[in-house]
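*Asks:* Sequence:
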Amino acid sequence: MSQVENNVLNQAQAQLLLAALKASSQGDFTVRLPVEEGLGEIADVFNEWVNLNQNFTTNISQIFRAIADGDFSKKMTLEVAGKPLQGEFSQTATTVNTVVDRLNKVTSQAISMTREVG
0 MSQVENNVLN QAQAQLLLAA LKASSQGDFT VRLPVEEGLG EIADVFNEWV
50 NLNQNFTTNI SQIFRAIADG DFSKKMTLEV AGKPLQGEFS QTATTVNTVV
100 DRLNKVTSQA ISMTREVG
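According to numbering that gives the first Met the number 0, the residues represented by the sequence shown are 0 to 117, in order.
The set of hints was computed from the structure by calculation and includes no laboratory data. Fair warning: there could be bad hints in the mix.
Unchecked claim - Heads up, simulated DSSO-like pairs for lysine-lysine below, C-alpha to C-alpha not over 27 Å straight-line:
| hint | residue 1 | residue 2 |
| --- | --- | --- |
| 1 | 73 | 21 |
| 2 | 74 | 104 |
| 3 | 104 | 73 |
What the hints assert, rightly or not - What follows is a set of in silico ranges between Cβ atoms, one per label pair, in the way DEER data are often shown:
| hint | residue 1 | residue 2 | range |
| --- | --- | --- | --- |
| 4 | 52 | 96 | 14 to 20 Å |
| 5 | 52 | 108 | 34 to 40 Å |
| 6 | 96 | 18 | 31 to 37 Å |
| 7 | 64 | 85 | 41 to 47 Å |
| 8 | 21 | 114 | 52 to 58 Å |
Backbone N, C-alpha and C fix where the C-beta goes; we use that ideal spot for every residue, glycine too.
Given only the sequences and the hints, what does the whole structure look like? Please build it.
*Replies:* If you want it as structure tokens, here you go:
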């Protein structure tokens with residue numbers, strides 16, 4: 000039975016966890032906890048959480064970059080690693096997609112009106 004299973008983190012494990020938490024809280028979503036250091040489920044859950052944040056922020060950045068370039072065809076994915084987004088992630092992704100749809104509609108209407116007038 001590992002120390003984590005006994006609800007005890009040794010100093011080295013606590014330092015690894017603290018360093019990873021600090022890095023991720025500063026937007027570094029490349030950090031991962033090594034599963035083989037005895038952190039087991041803590042490492043698995045942390046790594047899954049960081050992966051979700053990394054994928055989500057990368058996706059939202061790509062969408063806004065596309066919008067800035069006038070491309071309203073891109074949308075947020077509503078899942079990461081085959082799992083549906085939940086909570087605030089899901090709400091934010093859905094809201095971004097709604098904004099993209101509305102921008103696309105307004106732009107299409109403006110183009111249509113310009114053609115009719117022109």
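*Asks:* Hint by hint, note whether the structure agrees.
*Replies:* Each hint tested on the structure:
1. 73 x 21: Violated, at about 32 Å.
2. 74 x 104: 14 Å, holds
3. 104 x 73: Roughly 14 Å between the alpha carbons, so the hint for residue 104 and residue 73 holds.
4. 52 x 96: 14 to 20 Å: 19 Å, holds
5. 52 x 108: 34 to 40 Å: The hinted range 34 to 40 Å holds for residue 52 and residue 108, with Cβ atoms some 36 Å apart.
6. 96 x 18: 31 to 37 Å: Holds - the Cβ-Cβ distance for residue 96 and residue 18, about 35 Å, lies within 31 to 37 Å.
7. 64 x 85: 41 to 47 Å: 25 Å, violated
8. 21 x 114: 52 to 58 Å: Check passed, 55 Å falls within 52 to 58 Å.
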